[in-house]
Structure formats: structure tokens, C-alpha cells
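Q: Given next are the chains, with one letter for each unit.
2 protein chains.
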Amino acid sequence: MLTKEEIRDWFVALQESICTQLEDADGKGKFISDPWQRSGGGGGITRVIGDGNIIEKGGVNFSAVWGKTPEPVLKSMNIDASDHPDFFATGVSIVLHPFNPMVPIIHMNVRYFEMTNGTWWFGGGIDLTPHYVNVEDARHFHSTLKSVCDQHHPSYYPEFKNWADDYFFLKHRKETRGIGGIFFDYLKDTSGFTKESRFEFIKSLGSAFAPLYVHFMKKNHGLSYTEQEKHWQYLRRGRYVEFNLVWDRGTKFGLDTDGRTESILMSLPPQAQWVYNYQPAAGSEEEKTLGMLKKGITWI
Amino acid sequence: MLTKEEIRDWFVALQESICTQLEDADGKGKFISDPWQRSGGGGGITRVIGDGNIIEKGGVNFSAVWGKTPEPVLKSMNIDASDHPDFFATGVSIVLHPFNPMVPIIHMNVRYFEMTNGTWWFGGGIDLTPHYVNVEDARHFHSTLKSVCDQHHPSYYPEFKNWADDYFFLKHRKETRGIGGIFFDYLKDTSGFTKESRFEFIKSLGSAFAPLYVHFMKKNHGLSYTEQEKHWQYLRRGRYVEFNLVWDRGTKFGLDTDGRTESILMSLPPQAQWVYNYQPAAGSEEEKTLGMLKKGITWI
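Protein chains in written order, with my numbering: chain W, 30 to 329; chain V, 30 to 329.
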């Protein structure tokens with residue numbers, strides 16, 4: 030039977046492997062390692078990179094934390110607090126902000142949660158936020174995710190793709206964060222799945238991350254760009270900040286439950302800008318991108 | 030008896046008066062006027078300024094909206110939704126971001142709310158966010174607010190000052206947004222107060238705003254600053270973004286209830302930066318400022 034220690038150890042190795050692959054592809058930036066402990070139990074290793082050739086700011090975080098299950102978790106699951114189960118949670122969380130506006134921002138999170146009452150599940154997601162949507166890149170991204178999903182279950186990609194459209198959405202802008210990806214939560218041993226089979230899916234996704242992003246790093250970082258395009262990147266990073274601080278459940282949960290702020294907010298960009306009521310010019314590339322930040326687009 | 034129309038009209042005049050005084054003091058920036066309508070009833074006039082001599086980005090917003098009371102408001106007040114009272118809300122909301130890091134960011138909000146079930150109240154607040162805390166400036170700010178409060182009730186300043194310390198607080202940073210100010214809500218005709226006397230207080234505060242901020246504009250905008258100090262300003266603006274998007278109730282409520290996003294988010298700075306785990310040098314001015322971003326400091 031798959032234990033939480035095996036899952037944790039796999040995540041530790043995943044963090045290491047992703048950092049190595051990203052450093053190799055970047056050629057300059059090096060991850061620093063910042064281990065931390067959680068007073069209630071457990072801790073993590075935050076690894077951050079900055080000022081690379083391609084990556085301007087990013088983080089690849091591992092954590093494994095445990096202790097008394099926070100009230101908000103119990104509430105959200107309708108579990109009576111008087112049962113006071115303990116929890117264990119482990120995962121890897123990544124956000125990368127590139128210098129070049131032609132290289133997309135990427136995010137992935139894979140995680141496992143269990144409680145001493147026997148409940149457990151896997152969750153996670155990955156989504157791509159191009160400053161300029163390139164349809165070919167979007168197709169490559171979604172095709173890769175579909176292949177990963179299809180290895181495990183035909184329902185995964187369509188279901189998790191829709192979930193991502195709904196999740197990575199700025200309700201106050203009526204705008205998706207980017208071109209979506211996949212999102213999933215509460216993956217348990219239901220409908221014929223086993224813990225092992227769920228974990229195999231998580232492993233496939235985790236292992237696919239670095240090659241997938243390295244593809245975009247290599248393909249796009251040599252593309253030229255204008256000051257205007259750089260300005261647009263800053264505005265899109267502003268939207269990224271809005272999503273993470275207003276809507277992202279993980280961020281809100283972390284900040285509400287006294288999580289490690291600097292690790293949670295490593296997802297924020299190196300800088301962002303806001304211009305009142307900015308409207309891209311009619312027919313511009315910026316306007317075309319906005320037109321593709323919609324739910325329900327079939328990229329493949 | 031004071032009517033909602035009289036209150037609204039006073040806020041309209043306040044917006045105009047504040048914009049005029051700020052333009053005069055800035056000497057270059059001009060407010061543009063952006064009127065908008067709310068589909069459920071009412072609307073507002075968003076006035077934004079940018080690229081002035083002193084003010085880099087800011088807004089002075091007026092709104093008067095009405096219609097079916099949003100569910101979250103009813104819930105927060107324990108009012109049965111089946112009573113379905115209508116609401117009316119009007120107010121002025123201001124945030125100003127100066128170029129010079131020696132000039133503080135300022136915020137003020139004054140508002141009136143009533144429902145067709147007869148409930149009404151005033152709310153609001155003002156707080157100052159210096160990038161570098163200057164104790165003399167902080168004393169001037171709080172003394173001015175205390176004088177305004179003391180004209181109306183001796184309990185106002187001490188009570189509302191503490192409320193501001195609690196409200197303008199980044200729980201995830203254990204840091205106040207700035208040097209606080211005053212915050213108040215649900216000011217009704219209780220404990221000997223009348224609607225008229227509450228409104229007189231609101232008027233005093235509203236009228237005090239422009240001269241108070243113009244004082245800091247004139248006093249500090251000529252001060253020289255380094256690139257390092259400009260960088261610190263960007264980091265502090267990052268904190269301002271965090272407060273507004275994570276903790277500010279007005280912002281959250283507006284974004285949740287389909288408010289006018291661009292008017293709500295005019296409070297965001299022109300640009301902001303985030304550096305992983307930034308620690309100011311020991312003994313630096315930046316460190317001194319951080320040391321004063323605490324609740325419970327008696328500035329006067």
C-alpha cells in the first residue's frame with residue numbers, strides 16, 4: 030500500500046529534477062534553497078531562481094506539513110471539528126516568470142492530502158499564461174497535457190480541462206488567466222481508481238512539466254520584442270497578481286491559515302503595472318490575445 | 030430630516046472640491062472624468078489623475094448606487110433575504126500614489142448606506158502609507174485627524190484610531206499598511222448621536238482631506254531620493270497591492286458583487302515589485318520604517 034512517505038519522497042525528487050532541468054535550460058540562473066519549518070508540524074524547501082538568461086523570477090516549492098487539521102478545511106468538508114483528525118499534506122508548487130514577453134508564464138501544483146480519519150485525495154493543476162497567445166503554442170501545451178491524461182483515463186483531459194477553464198478565471202474581469210490547462214481536486218479511490226493509479230497520473234504530470242516548459246523557453250526566448258510588448262507583459266503580470274491574490278484558493282487558504290507567506294507569494298511577478306482602464310488598440314496583437322482569454326476554447 | 034439626496038449631493042461637491050485642490054497643488058496633472066452606470070441602478074463618476082508633477086497615479090471616485098440589496102450584505106447583517114429590502118449607497122473613495130518615495134500614499138473613503146427597511150449608517154476611514162515613516166509627518170497626520178474627531182466627540186479619535194490599526198493590517202505579514210489613521214463603520218443614531226451629527230463628522234473629515242494631503246505634497250515632493258529608495262517604494266507598493274486585494278473589505282465586496290472593476294482597482298499603484306524574502310539592511314531607514322509598521326503606536 031502506497032504510503033504518504035513514498036509520495037512525499039517522490040515530490041522531493043520531483044522538485045530536484047525540475048530545478049536541474051530548468052537550470053540547464055536557462056544556462057545562467059541558479060536556484061537558491063530556503064528550507065523552513067512549520068511550528069504546527071513539518072515544513073518545506075522553497076527554491077527560488079532569479080535573474081537567469083530566460084527566467085526573471087520563479088520558484089519551485091516543496092512542502093510536507095502536518096498537525097491539527099485547520100478549521101477551514103474541516104468546515105469545507107463538513108467534518109465535525111470535535112472529531113479533530115490530524116492532517117498530512119505534501120506537494121510541489123511552481124510559478125515561473127520569464128523576461129521575454131514571448132515566453133509564457135507557467136504554473137503547476139501537484140499535491141496529496143490525508144487525514145487520520147482515513148480520508149485522502151490528490152489534487153493539482155497546470156496552466157499556461159502567455160502574454161501573447163500563440164495558437165500553435167497553445168495547441169502544443171494542450172496536446173501534451175491530453176497525452177499525459179489519456180495514458181491514465183479518457184475522462185481526465187476533457188474533465189480537467191473544463192475544470193481549469195472555470196478555476197483559472199478572473200471573475201471580476203470576465204477573463205481567463207491564460208489559455209488554461211488542467212485542474213483537478215479530490216481524486217480518491219472512487220469509480221474504479223486506486224490510490225496507486227491516481228498517483229501514477231500525478232507522477233506522469235509532474236514528470237511532464239520540465240520538458241514542456243523547456244520547450245517554450247528554448248523556442249521563444251530568442252524572439253525579439255518591443256518596449257510596447259514589454260509594457261503589455263507588465264500589465265498581464267498585474268492580472269496574474271489579481272488572480273493569485275483575489276481568487277486563487279491555495280493562496281487565500283495559505284494566507285488565512287498562517288502559512289509561510291514568502292513561499293506562498295513566490296508566485297508574484299518581479300514587477301507589475303496597472304493603468305486605469307487600459308484598452309488595446311483595435312486589431313492589435315494585444316486585442317487578439319484578450320479575445321482568446323475565454324472559457325471553453327477547444328485548443329486541439 | 031437629512032435625506033439621502035442631500036448626502037449624495039454633498040459627496041458630489043466633495044469630489045469636485047478635492048480634485049480642484051489636488052490639481053492646484055500638483056500643478057500639472059489633470060483629472061479625467063469617467064462616468065459610469067450600474068445595471069442594477071445608479072452609477073458613479075470615476076476621476077483619475079496620472080503623470081502629474083507630484084501624483085503619479087490616483088483616483089477620486091464618487092458613486093451613488095441602489096437596487097436590490099446584495100445577498101452578502103443581508104447575510105453579514107443577519108437580515109432575512111425574504112424581506113428583500115432595497116439599498117442605497119453613496120460615497121467618495123480616494124487613493125493617491127505619488128512619484129517621490131518621500132511623499133506618502135494616502136487613502137480616504139467616506140460613505141453612507143441605507144435600506145428601505147429604515148436601517149442606515151455612515152462609514153469610512155483615512156490612512157497614510159509613507160514609504161519611509163517620518164515621525165513628524167505621522168504626528169501631523171494624527172493630530173489633524175484628532176482635531177477633526179474632537180470637534181464631534183471625544184471618543185471618536187481613540188476608538189477610530191484603534192479600529193484603523195486593526196483594519197489596515199496585513200495579517201499575513203504581521204505588518205500595518207502604514208501609520209494608520211482612523212476607521213469607522215455602522216455609525217448610526219445611537220448613544221445620543223443623530224443622523225445630522227454623524228453627517229457633520231463625515232463632512233469635517235471629507236473637508237480636511239485635501240488640505241492635509243496637500244501639506245505632504247508641498248512639504249516632501251522636493252526632497253531628493255536615490256534609486257535604492259525608489260526600489261523600496263516599489264516594494265512597499267507591492268504591499269499596498271497585497272492589502273487591497275487580500276484584505277480590503279470594500280475591494281473584495283466590490284469584486285464579489287460585480288462592481289465596476291476599473292473604479293475599484295484604481296487604488297492599485299502604477300507599478301509594484303516583489304523580491305523573494307527581501308530583508309532591509311540592519312540599521313537602514315527601510316528597517317526603521319518596518320519597525321514602525323505596528324499596531325498600537327501612539328503617534329501624538
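I should point out that these hints are in silico values taken from the structure, not numbers from a laboratory.
It is possible that some hints are incorrect.
No distinction is drawn between identical chains; accordingly, a pair holds when it is met within one copy or between any pair of copies.
Below are the EDC-like pairs computed for lysine to aspartate or glutamate, each with C-alpha atoms no more than 20 angstroms apart in a straight line [unchecked claim]: (1) Lys259 <-> Asp214; (2) Lys259 <-> Glu314; (3) Lys324 <-> Glu188; (4) Lys224 <-> Asp179; (5) Lys200 <-> Glu291; (6) Lys200 <-> Asp277; (7) Lys281 <-> Asp218; (8) Lys104 <-> Asp277; (9) Lys200 <-> Asp287; (10) Lys324 <-> Asp287; (11) Lys57 <-> Glu188; (12) Lys203 <-> Asp285; (13) Lys33 <-> Asp109; (14) Lys97 <-> Asp115; (15) Lys317 <-> Asp277; (16) Lys232 <-> Asp218; (17) Lys33 <-> Asp80.
Because the structure is a prediction, the values reported are computed rather than measured.
Q: Now look at each hint and say whether the structure bears it out.
A: Status of the hints after comparison with the structure:
1. Lys259 <-> Asp214: Result: close neither inside a copy nor across copies, 35 angstroms intra and 42 angstroms inter.
2. Lys259 <-> Glu314: Within. Shortest intra-copy distance 13 angstroms satisfies the 20 angstroms Cα cut-off; inter-copy 32 angstroms does not.
3. Lys324 <-> Glu188: Within one copy, since 13 angstroms is at most 20 angstroms while 47 angstroms is not.
4. Lys224 <-> Asp179: within (18 angstroms within a copy, 66 angstroms between copies)
5. Lys200 <-> Glu291: Classified as between; 13 angstroms across copies, 26 angstroms inside a copy.
6. Lys200 <-> Asp277: Both ways: Lys200 and Asp277 sit 11 angstroms apart in one copy and 17 angstroms across, limit 20 angstroms.
7. Lys281 <-> Asp218: Classified as neither: same-chain Cα gap 28 angstroms, cross-chain 37 angstroms, threshold 20 angstroms.
8. Lys104 <-> Asp277: Within one copy only: 18 angstroms inside, 23 angstroms across.
9. Lys200 <-> Asp287: between (26 angstroms within a copy, 8 angstroms between copies)
10. Lys324 <-> Asp287: This pair counts as between: shortest inter-copy Cα distance 18 angstroms, intra-copy 33 angstroms.
11. Lys57 <-> Glu188: For Lys57 and Glu188, neither the intra-copy (38 angstroms) nor the inter-copy (54 angstroms) Cα distance is at most 20 angstroms.
12. Lys203 <-> Asp285: between (25 angstroms within a copy, 12 angstroms between copies)
13. Lys33 <-> Asp109: neither (24 angstroms within a copy, 46 angstroms between copies)
14. Lys97 <-> Asp115: within (5 angstroms within a copy, 43 angstroms between copies)
15. Lys317 <-> Asp277: neither (25 angstroms within a copy, 33 angstroms between copies)
16. Lys232 <-> Asp218: Result: close within a single copy only, 16 angstroms intra versus 62 angstroms inter.
17. Lys33 <-> Asp80: neither (35 angstroms within a copy, 55 angstroms between copies)
Hint violations for this structure: numbers 1, 7, 11, 13, 15, 17, all remaining hints satisfied.
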